Amino acid sequence: MFRLEFGKTGKYCDGLNRRNFLQIGVAGMGSASLSQILHAKEASQQQGIKAKDTSVILLWLDGGPSHMDLYDLKPEAPSENRGIWNPIHTNVPGMDITEMFPLQAKCADKFSIVRSLHHNTGDHFTGGHWMLTGRGGVSGGSTPGKNPSIASMATKVLGSRDPGMPAYVSVPYASSIGLRPGYFGGNFLGVQHNPFETGSDPNNNNFQVKNLNLAKGLSVQRLKDRKALLKSFDKLRKDVDQSGMLGSMDRLDQKAYELVTGEKARKAFDLNSEDEKIRELYGRHTWGQSVLLARRLVEAGTTFVTVHFGGWDHHWNLQSGMESYLPRVDQAVSALFGDLAQRGLSDKVLVVLCGEFSRTPRMNNGGNGGPPLSKGTPGRDHWGNSMFCLLGGGGVKGGRVIGSTNRLGDSPADRPVRPGNIHHTIYRALGMDPEIHFLDHSGRPTVAIDHGEVIHELF
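In this text, residue positions in the sequence shown follow the numbering used here: the first is 119, and each later residue adds one.
Quick caveat, the hints were computed from the structure, so don't treat them as lab data. Everything numeric in this text was worked out from a predicted model, so none of it was measured. All residues carry an ideal CB built from backbone N, CA and C; glycine is no exception. One should not assume that every hint holds.
Unchecked claim - When the alpha-carbon atoms are kept at most 27 Å apart in a straight line, the in silico DSSO-like pairs for lysine-lysine are as follows: (1) Lys466 with Lys192; (2) Lys170 with Lys328; (3) Lys328 with Lys385; (4) Lys264 with Lys224; (5) Lys395 with Lys328; (6) Lys395 with Lys385; (7) Lys224 with Lys382; (8) Lys515 with Lys224; (9) Lys192 with Lys264; (10) Lys466 with Lys170; (11) Lys493 with Lys395; (12) Lys224 with Lys385; (13) Lys395 with Lys382; (14) Lys170 with Lys385; (15) Lys493 with Lys382; (16) Lys224 with Lys192.
What the hints assert, rightly or not - Here are the in silico distance ranges between beta carbons for each label pair: (17) Lys395 with Ser260: 41 to 51 Å; (18) Arg525 with Lys395: 24 to 34 Å; (19) Pro534 with Pro196: 15 to 25 Å; (20) His207 with Ala459: 35 to 45 Å; (21) Ser560 with Ser442: 42 to 52 Å; (22) His574 with Lys382: 49 to 59 Å; (23) Gln326 with Gln460: 55 to 65 Å.
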(Lines of atoms letter the chains of each structure in order from A and count residues from 1; the text may use other names and numbers.)
(Lines give C-alpha, C1' and ligand atoms only; values in the text may rest on other atoms or scores of the structure.)
Protein backbone atom coordinates (compact mmCIF):
# COMPACT_ATOMS: atom_id res chain seq x y z
CA MET A 1 0.00 0.00 0.00
CA PHE A 2 1.15 3.53 -0.78
CA ARG A 3 -0.49 6.49 0.94
CA LEU A 4 0.16 10.21 1.04
CA GLU A 5 -1.17 12.12 4.04
CA PHE A 6 -0.88 15.75 5.01
CA GLY A 7 -0.86 17.45 8.38
CA LYS A 8 -0.77 14.37 10.62
CA THR A 9 1.83 13.66 13.27
CA GLY A 10 2.75 10.44 14.98
CA LYS A 11 4.47 9.75 18.29
CA TYR A 12 7.21 7.12 18.06
CA CYS A 13 9.00 5.25 20.81
CA ASP A 14 12.04 7.47 20.34
CA GLY A 15 9.86 10.39 21.47
CA LEU A 16 9.97 12.19 18.12
CA ASN A 17 6.87 13.51 16.40
CA ARG A 18 6.78 13.49 12.63
CA ARG A 19 4.25 13.66 9.81
CA ASN A 20 3.06 10.36 8.35
CA PHE A 21 3.98 11.43 4.85
CA LEU A 22 4.96 8.20 3.20
CA GLN A 23 3.65 4.77 4.09
CA ILE A 24 4.55 1.61 2.21
CA GLY A 25 3.18 -1.79 3.21
CA VAL A 26 5.85 -3.96 4.86
CA ALA A 27 6.27 -7.68 5.43
CA GLY A 28 5.28 -7.84 9.09
CA MET A 29 4.80 -5.41 11.93
CA GLY A 30 8.36 -5.89 13.18
CA SER A 31 9.92 -4.89 9.88
CA ALA A 32 11.15 -1.35 9.42
CA SER A 33 9.57 0.72 6.64
CA LEU A 34 11.61 2.67 4.12
CA SER A 35 10.87 6.02 5.72
CA GLN A 36 11.82 4.69 9.17
CA ILE A 37 15.08 3.39 7.76
CA LEU A 38 15.87 6.78 6.30
CA HIS A 39 15.14 8.55 9.58
CA ALA A 40 17.59 6.14 11.19
CA LYS A 41 20.22 7.01 8.61
CA GLU A 42 19.67 10.73 9.16
CA ALA A 43 20.25 10.28 12.89
CA SER A 44 23.41 8.27 12.30
CA GLN A 45 24.92 10.93 10.08
CA GLN A 46 24.47 13.48 12.84
CA GLN A 47 26.77 11.43 15.08
CA GLY A 48 29.69 12.69 13.00
CA ILE A 49 31.39 9.27 12.89
CA LYS A 50 32.98 8.23 9.63
CA ALA A 51 32.53 4.54 8.85
CA LYS A 52 35.04 2.25 7.26
CA ASP A 53 34.04 1.03 3.83
CA THR A 54 33.01 -2.28 5.40
CA SER A 55 29.79 -4.28 5.65
CA VAL A 56 28.77 -7.31 7.70
CA ILE A 57 26.88 -10.45 6.69
CA LEU A 58 25.70 -12.38 9.76
CA LEU A 59 24.62 -15.95 9.01
CA TRP A 60 22.41 -16.90 11.95
CA LEU A 61 21.96 -20.62 12.71
CA ASP A 62 18.77 -20.33 14.75
CA GLY A 63 18.22 -23.09 17.31
CA GLY A 64 21.83 -23.79 18.24
CA PRO A 65 24.34 -25.62 15.99
CA SER A 66 26.62 -28.29 17.45
CA HIS A 67 30.29 -27.33 17.65
CA MET A 68 31.18 -31.03 18.01
CA ASP A 69 29.68 -31.82 14.60
CA LEU A 70 30.83 -28.76 12.63
CA TYR A 71 34.08 -27.02 13.56
CA ASP A 72 35.40 -28.66 16.74
CA LEU A 73 35.29 -32.43 16.34
CA LYS A 74 36.80 -34.71 18.99
CA PRO A 75 37.84 -37.99 17.32
CA GLU A 76 39.69 -39.13 20.45
CA ALA A 77 36.75 -38.54 22.81
CA PRO A 78 34.50 -41.36 24.07
CA SER A 79 32.09 -42.66 21.45
CA GLU A 80 29.07 -40.99 23.03
CA ASN A 81 30.80 -37.62 22.66
CA ARG A 82 32.60 -37.76 19.38
CA GLY A 83 29.54 -37.71 17.17
CA ILE A 84 28.74 -39.21 13.81
CA TRP A 85 31.21 -37.71 11.37
CA ASN A 86 34.98 -37.66 11.08
CA PRO A 87 37.17 -34.58 10.84
CA ILE A 88 38.97 -33.75 7.61
CA HIS A 89 42.01 -31.60 6.98
CA THR A 90 41.58 -28.17 5.43
CA ASN A 91 44.02 -26.10 3.39
CA VAL A 92 45.18 -24.68 6.74
CA PRO A 93 47.32 -27.11 8.81
CA GLY A 94 45.75 -27.78 12.20
CA MET A 95 42.29 -26.48 11.27
CA ASP A 96 40.28 -29.68 10.87
CA ILE A 97 36.52 -29.48 10.35
CA THR A 98 33.70 -31.94 9.69
CA GLU A 99 33.84 -34.15 6.63
CA MET A 100 30.44 -32.68 5.76
CA PHE A 101 32.22 -29.42 4.84
CA PRO A 102 34.50 -30.45 1.95
CA LEU A 103 34.04 -27.12 0.13
CA GLN A 104 34.91 -25.02 3.17
CA ALA A 105 37.95 -27.24 3.70
CA LYS A 106 39.32 -25.86 0.43
CA CYS A 107 38.93 -22.20 1.45
CA ALA A 108 39.68 -22.29 5.20
CA ASP A 109 42.44 -19.74 4.65
CA LYS A 110 39.68 -17.18 4.08
CA PHE A 111 38.10 -17.50 7.53
CA SER A 112 38.99 -18.12 11.17
CA ILE A 113 37.22 -20.16 13.83
CA VAL A 114 36.72 -19.23 17.47
CA ARG A 115 36.45 -22.53 19.35
CA SER A 116 36.39 -21.21 22.91
CA LEU A 117 33.26 -19.05 22.76
CA HIS A 118 30.92 -19.45 25.74
CA HIS A 119 28.23 -17.68 27.76
CA ASN A 120 27.24 -20.64 29.97
CA THR A 121 23.49 -20.64 29.36
CA GLY A 122 21.33 -23.32 27.78
CA ASP A 123 18.29 -21.06 27.48
CA HIS A 124 17.46 -20.24 23.85
CA PHE A 125 16.31 -16.73 24.68
CA THR A 126 19.12 -15.83 27.06
CA GLY A 127 21.67 -17.19 24.60
CA GLY A 128 20.12 -15.42 21.64
CA HIS A 129 20.03 -12.13 23.50
CA TRP A 130 23.67 -12.56 24.51
CA MET A 131 24.84 -13.30 21.00
CA LEU A 132 22.80 -10.64 19.19
CA THR A 133 22.87 -7.77 21.70
CA GLY A 134 25.97 -8.55 23.77
CA ARG A 135 23.97 -8.68 26.99
CA GLY A 136 21.92 -11.06 29.08
CA GLY A 137 18.73 -10.13 30.88
CA VAL A 138 16.05 -12.26 29.20
CA SER A 139 14.97 -15.89 29.56
CA GLY A 140 12.34 -18.35 28.44
CA GLY A 141 10.15 -16.97 31.21
CA SER A 142 10.63 -13.36 30.12
CA THR A 143 11.40 -13.18 26.43
CA PRO A 144 11.00 -9.50 25.38
CA GLY A 145 14.32 -8.01 24.33
CA LYS A 146 15.93 -5.44 26.59
CA ASN A 147 18.68 -4.09 24.33
CA PRO A 148 19.14 -3.28 20.65
CA SER A 149 20.92 -5.70 18.38
CA ILE A 150 24.51 -5.13 17.34
CA ALA A 151 23.23 -4.49 13.81
CA SER A 152 20.73 -1.87 15.01
CA MET A 153 23.38 -0.04 17.01
CA ALA A 154 25.94 -0.20 14.22
CA THR A 155 23.60 1.07 11.54
CA LYS A 156 22.20 3.81 13.78
CA VAL A 157 25.72 5.17 14.07
CA LEU A 158 27.07 4.35 10.63
CA GLY A 159 24.03 4.45 8.36
CA SER A 160 24.24 2.82 4.95
CA ARG A 161 27.29 2.91 2.70
CA ASP A 162 25.17 4.17 -0.20
CA PRO A 163 22.26 6.64 0.04
CA GLY A 164 20.18 4.52 -2.32
CA MET A 165 20.27 1.45 -0.07
CA PRO A 166 18.74 0.53 3.32
CA ALA A 167 21.39 0.25 6.03
CA TYR A 168 20.10 -2.93 7.71
CA VAL A 169 18.36 -5.82 5.93
CA SER A 170 17.26 -9.29 7.07
CA VAL A 171 16.88 -12.11 4.54
CA PRO A 172 14.30 -13.51 4.32
CA TYR A 173 13.22 -12.26 7.75
CA ALA A 174 14.56 -11.42 11.20
CA SER A 175 13.74 -14.20 13.64
CA SER A 176 15.43 -15.26 16.85
CA ILE A 177 13.93 -18.33 18.50
CA GLY A 178 10.58 -17.66 16.84
CA LEU A 179 10.45 -13.98 17.83
CA ARG A 180 10.23 -11.38 15.04
CA PRO A 181 12.24 -9.29 14.87
CA GLY A 182 13.20 -10.58 18.29
CA TYR A 183 16.74 -9.79 19.32
CA PHE A 184 17.57 -8.48 15.84
CA GLY A 185 15.45 -5.41 16.56
CA GLY A 186 16.18 -1.86 17.63
CA ASN A 187 14.48 -2.16 21.04
CA PHE A 188 14.92 1.18 22.85
CA LEU A 189 16.48 2.74 19.75
CA GLY A 190 13.05 2.56 18.13
CA VAL A 191 11.41 0.51 15.40
CA GLN A 192 13.14 2.66 12.79
CA HIS A 193 16.27 0.69 13.68
CA ASN A 194 14.62 -2.68 13.07
CA PRO A 195 15.80 -4.47 9.93
CA PHE A 196 14.15 -4.11 6.56
CA GLU A 197 12.89 -7.64 5.80
CA THR A 198 12.74 -9.09 2.29
CA GLY A 199 9.84 -11.21 3.50
CA SER A 200 9.80 -14.06 0.98
CA ASP A 201 11.92 -16.94 -0.29
CA PRO A 202 14.75 -15.72 -2.55
CA ASN A 203 14.82 -19.15 -4.19
CA ASN A 204 11.30 -18.63 -5.52
CA ASN A 205 11.32 -17.90 -9.26
CA ASN A 206 8.81 -15.10 -8.62
CA PHE A 207 10.79 -13.61 -5.74
CA GLN A 208 10.07 -9.93 -5.20
CA VAL A 209 10.60 -7.56 -2.32
CA LYS A 210 7.11 -6.21 -1.78
CA ASN A 211 8.39 -3.21 0.12
CA LEU A 212 10.01 -1.89 -3.05
CA ASN A 213 7.05 -2.49 -5.35
CA LEU A 214 4.27 0.03 -5.67
CA ALA A 215 0.69 -1.12 -5.26
CA LYS A 216 -1.24 -2.30 -8.30
CA GLY A 217 -2.40 0.64 -10.38
CA LEU A 218 0.22 3.02 -8.98
CA SER A 219 2.97 3.63 -11.50
CA VAL A 220 6.18 5.54 -10.99
CA GLN A 221 4.67 8.31 -13.15
CA ARG A 222 1.64 8.56 -10.86
CA LEU A 223 3.99 8.71 -7.91
CA LYS A 224 5.85 11.56 -9.61
CA ASP A 225 2.54 13.34 -10.19
CA ARG A 226 1.73 13.03 -6.49
CA LYS A 227 5.15 14.36 -5.64
CA ALA A 228 4.51 17.35 -7.87
CA LEU A 229 1.20 17.90 -6.08
CA LEU A 230 2.96 17.81 -2.75
CA LYS A 231 5.38 20.46 -3.93
CA SER A 232 2.48 22.81 -4.48
CA PHE A 233 1.96 22.82 -0.71
CA ASP A 234 5.58 23.63 0.08
CA LYS A 235 5.31 27.40 0.38
CA LEU A 236 2.28 27.26 2.68
CA ARG A 237 3.86 24.61 4.87
CA LYS A 238 7.15 26.45 5.15
CA ASP A 239 5.40 29.70 6.01
CA VAL A 240 3.50 27.96 8.81
CA ASP A 241 6.46 26.00 10.16
CA GLN A 242 8.75 28.11 12.33
CA SER A 243 10.73 25.25 13.84
CA GLY A 244 12.43 23.89 10.75
CA MET A 245 10.98 20.43 11.44
CA LEU A 246 9.14 20.23 8.13
CA GLY A 247 12.27 21.14 6.22
CA SER A 248 14.02 18.17 7.79
CA MET A 249 11.09 15.94 6.93
CA ASP A 250 11.22 17.16 3.35
CA ARG A 251 14.75 15.81 3.04
CA LEU A 252 13.74 12.42 4.41
CA ASP A 253 10.64 12.29 2.23
CA GLN A 254 12.82 13.06 -0.77
CA LYS A 255 15.17 10.20 0.14
CA ALA A 256 12.27 7.79 0.59
CA TYR A 257 10.90 8.87 -2.78
CA GLU A 258 14.29 8.33 -4.41
CA LEU A 259 14.62 4.86 -2.89
CA VAL A 260 11.21 3.80 -4.20
CA THR A 261 11.64 5.29 -7.68
CA GLY A 262 15.39 4.83 -8.02
CA GLU A 263 17.20 1.90 -9.55
CA LYS A 264 19.93 1.19 -6.98
CA ALA A 265 17.87 -0.85 -4.52
CA ARG A 266 15.69 -2.40 -7.22
CA LYS A 267 18.72 -3.76 -9.03
CA ALA A 268 20.33 -5.06 -5.83
CA PHE A 269 17.20 -6.97 -4.81
CA ASP A 270 16.60 -8.36 -8.31
CA LEU A 271 18.04 -11.87 -8.07
CA ASN A 272 16.67 -12.77 -11.48
CA SER A 273 19.30 -10.50 -13.03
CA GLU A 274 22.11 -12.54 -11.45
CA ASP A 275 24.22 -14.83 -13.62
CA GLU A 276 22.66 -18.31 -13.47
CA LYS A 277 26.09 -19.87 -12.92
CA ILE A 278 26.53 -17.77 -9.77
CA ARG A 279 23.07 -18.76 -8.56
CA GLU A 280 23.96 -22.42 -9.00
CA LEU A 281 27.28 -21.86 -7.23
CA TYR A 282 25.47 -20.71 -4.07
CA GLY A 283 22.86 -23.45 -4.40
CA ARG A 284 19.30 -23.30 -5.65
CA HIS A 285 17.79 -23.50 -2.19
CA THR A 286 16.53 -20.88 0.25
CA TRP A 287 19.76 -20.63 2.22
CA GLY A 288 22.01 -20.41 -0.82
CA GLN A 289 19.93 -17.75 -2.54
CA SER A 290 19.56 -15.81 0.71
CA VAL A 291 23.34 -15.65 1.05
CA LEU A 292 23.68 -14.60 -2.59
CA LEU A 293 21.15 -11.82 -2.03
CA ALA A 294 23.14 -10.72 1.02
CA ARG A 295 26.24 -10.44 -1.16
CA ARG A 296 24.34 -8.34 -3.71
CA LEU A 297 23.09 -6.02 -0.96
CA VAL A 298 26.46 -5.35 0.67
CA GLU A 299 28.01 -4.87 -2.75
CA ALA A 300 25.38 -2.21 -3.47
CA GLY A 301 25.93 -0.39 -0.17
CA THR A 302 23.95 -2.00 2.65
CA THR A 303 25.97 -1.98 5.88
CA PHE A 304 24.54 -4.96 7.78
CA VAL A 305 22.68 -8.00 6.44
CA THR A 306 21.45 -10.93 8.53
CA VAL A 307 20.50 -14.26 6.96
CA HIS A 308 18.24 -16.68 8.80
CA PHE A 309 19.15 -20.39 8.76
CA GLY A 310 16.51 -21.99 10.99
CA GLY A 311 15.93 -25.44 12.47
CA TRP A 312 19.11 -26.25 14.42
CA ASP A 313 17.46 -27.39 17.67
CA HIS A 314 18.43 -31.04 17.19
CA HIS A 315 17.37 -32.73 20.44
CA TRP A 316 16.68 -35.77 18.28
CA ASN A 317 17.28 -36.96 14.72
CA LEU A 318 20.56 -35.07 14.63
CA GLN A 319 22.05 -37.21 11.88
CA SER A 320 19.18 -36.81 9.42
CA GLY A 321 18.87 -33.12 10.22
CA MET A 322 22.56 -32.43 9.75
CA GLU A 323 22.73 -34.50 6.57
CA SER A 324 20.12 -32.15 5.15
CA TYR A 325 21.52 -28.88 6.51
CA LEU A 326 25.30 -29.18 6.39
CA PRO A 327 25.74 -29.56 2.62
CA ARG A 328 23.63 -26.43 2.08
CA VAL A 329 25.65 -24.46 4.60
CA ASP A 330 28.89 -25.72 3.09
CA GLN A 331 27.84 -24.73 -0.42
CA ALA A 332 26.57 -21.27 0.54
CA VAL A 333 29.46 -20.32 2.84
CA SER A 334 32.20 -21.51 0.49
CA ALA A 335 30.51 -19.79 -2.46
CA LEU A 336 30.27 -16.55 -0.52
CA PHE A 337 33.96 -16.45 0.39
CA GLY A 338 34.96 -17.36 -3.15
CA ASP A 339 32.61 -14.84 -4.72
CA LEU A 340 33.73 -12.02 -2.42
CA ALA A 341 37.35 -12.75 -3.31
CA GLN A 342 36.55 -12.85 -7.04
CA ARG A 343 34.84 -9.45 -6.79
CA GLY A 344 37.59 -7.84 -4.74
CA LEU A 345 35.30 -7.52 -1.72
CA SER A 346 37.06 -9.77 0.80
CA ASP A 347 38.49 -6.85 2.78
CA LYS A 348 35.21 -4.94 2.62
CA VAL A 349 32.79 -7.59 3.90
CA LEU A 350 32.99 -9.37 7.25
CA VAL A 351 31.18 -12.72 7.32
CA VAL A 352 30.05 -14.07 10.71
CA LEU A 353 28.48 -17.51 11.26
CA CYS A 354 27.04 -18.49 14.65
CA GLY A 355 23.92 -19.37 16.64
CA GLU A 356 22.60 -18.67 20.13
CA PHE A 357 24.50 -21.60 21.71
CA SER A 358 25.82 -25.06 20.89
CA ARG A 359 24.73 -28.60 21.77
CA THR A 360 25.80 -30.95 24.54
CA PRO A 361 29.05 -32.80 23.80
CA ARG A 362 27.43 -36.02 25.01
CA MET A 363 24.80 -37.44 22.67
CA ASN A 364 21.40 -38.30 24.17
CA ASN A 365 19.29 -41.33 23.24
CA GLY A 366 16.59 -39.58 21.31
CA GLY A 367 15.39 -36.28 22.69
CA ASN A 368 15.83 -34.06 25.72
CA GLY A 369 17.86 -36.69 27.54
CA GLY A 370 15.69 -39.64 26.56
CA PRO A 371 12.32 -41.09 27.68
CA PRO A 372 9.66 -40.00 28.31
CA LEU A 373 10.43 -37.13 25.93
CA SER A 374 12.24 -39.27 23.39
CA LYS A 375 11.03 -38.46 19.89
CA GLY A 376 13.48 -40.12 17.55
CA THR A 377 17.09 -41.07 16.98
CA PRO A 378 19.88 -39.58 19.13
CA GLY A 379 20.56 -35.87 19.27
CA ARG A 380 22.18 -33.26 21.45
CA ASP A 381 20.64 -30.88 23.98
CA HIS A 382 21.32 -27.23 24.81
CA TRP A 383 24.86 -26.18 25.73
CA GLY A 384 26.34 -22.71 26.16
CA ASN A 385 29.57 -23.65 27.95
CA SER A 386 31.44 -24.28 24.70
CA MET A 387 30.49 -22.87 21.31
CA PHE A 388 31.97 -21.68 18.04
CA CYS A 389 31.90 -18.60 15.84
CA LEU A 390 33.29 -18.34 12.32
CA LEU A 391 34.58 -14.97 11.10
CA GLY A 392 36.21 -14.06 7.81
CA GLY A 393 36.83 -11.05 5.60
CA GLY A 394 36.47 -7.39 6.51
CA GLY A 395 40.09 -7.15 7.59
CA VAL A 396 39.90 -10.29 9.75
CA LYS A 397 42.79 -12.67 9.14
CA GLY A 398 41.91 -16.08 7.78
CA GLY A 399 43.32 -19.46 8.71
CA ARG A 400 43.35 -18.81 12.46
CA VAL A 401 41.96 -20.98 15.25
CA ILE A 402 41.20 -18.96 18.37
CA GLY A 403 41.08 -20.93 21.61
CA SER A 404 40.27 -24.58 22.16
CA THR A 405 38.02 -26.80 24.22
CA ASN A 406 39.03 -29.65 26.51
CA ARG A 407 39.21 -33.33 25.58
CA LEU A 408 35.46 -33.82 25.93
CA GLY A 409 34.57 -30.54 24.26
CA ASP A 410 32.47 -29.34 27.18
CA SER A 411 34.37 -26.19 28.21
CA PRO A 412 37.16 -23.89 27.00
CA ALA A 413 40.68 -25.17 27.60
CA ASP A 414 42.42 -21.92 26.70
CA ARG A 415 41.74 -18.40 25.40
CA PRO A 416 38.10 -18.21 26.55
CA VAL A 417 35.98 -15.84 24.46
CA ARG A 418 32.69 -14.18 25.41
CA PRO A 419 29.97 -12.66 23.17
CA GLY A 420 31.30 -9.19 23.95
CA ASN A 421 34.62 -10.13 22.35
CA ILE A 422 32.78 -11.07 19.16
CA HIS A 423 30.91 -7.75 19.19
CA HIS A 424 34.10 -5.75 19.79
CA THR A 425 35.66 -7.56 16.84
CA ILE A 426 32.71 -6.76 14.57
CA TYR A 427 32.81 -3.10 15.59
CA ARG A 428 36.55 -3.02 14.93
CA ALA A 429 35.93 -4.28 11.39
CA LEU A 430 33.26 -1.62 10.87
CA GLY A 431 35.37 1.18 12.32
CA MET A 432 32.83 1.86 15.06
CA ASP A 433 33.62 3.01 18.59
CA PRO A 434 32.30 0.37 21.04
CA GLU A 435 32.29 2.99 23.80
CA ILE A 436 29.53 5.02 22.15
CA HIS A 437 26.46 5.51 24.35
CA PHE A 438 22.75 5.37 23.52
CA LEU A 439 19.81 6.55 25.61
CA ASP A 440 17.58 3.74 26.87
CA HIS A 441 13.83 3.93 27.59
CA SER A 442 14.46 5.83 30.81
CA GLY A 443 16.85 8.30 29.19
CA ARG A 444 19.86 6.69 30.84
CA PRO A 445 23.06 6.48 28.75
CA THR A 446 23.89 2.87 27.85
CA VAL A 447 27.24 1.90 26.35
CA ALA A 448 27.16 -0.17 23.15
CA ILE A 449 29.26 -2.99 24.67
CA ASP A 450 29.75 -3.26 28.41
CA HIS A 451 32.34 -6.06 28.52
CA GLY A 452 35.07 -7.73 26.52
CA GLU A 453 37.67 -6.55 24.05
CA VAL A 454 38.71 -7.11 20.45
CA ILE A 455 40.06 -10.55 19.52
CA HIS A 456 43.42 -9.08 18.56
CA GLU A 457 44.75 -12.28 16.99
CA LEU A 458 42.27 -11.74 14.15
CA PHE A 459 43.82 -8.43 13.03
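**Prompt:** Checking against the hints above, which ones are violated?
**Reply:** 1, 2, 4, 7, 9, 11, 12, 15, 18, 20, 22, 23
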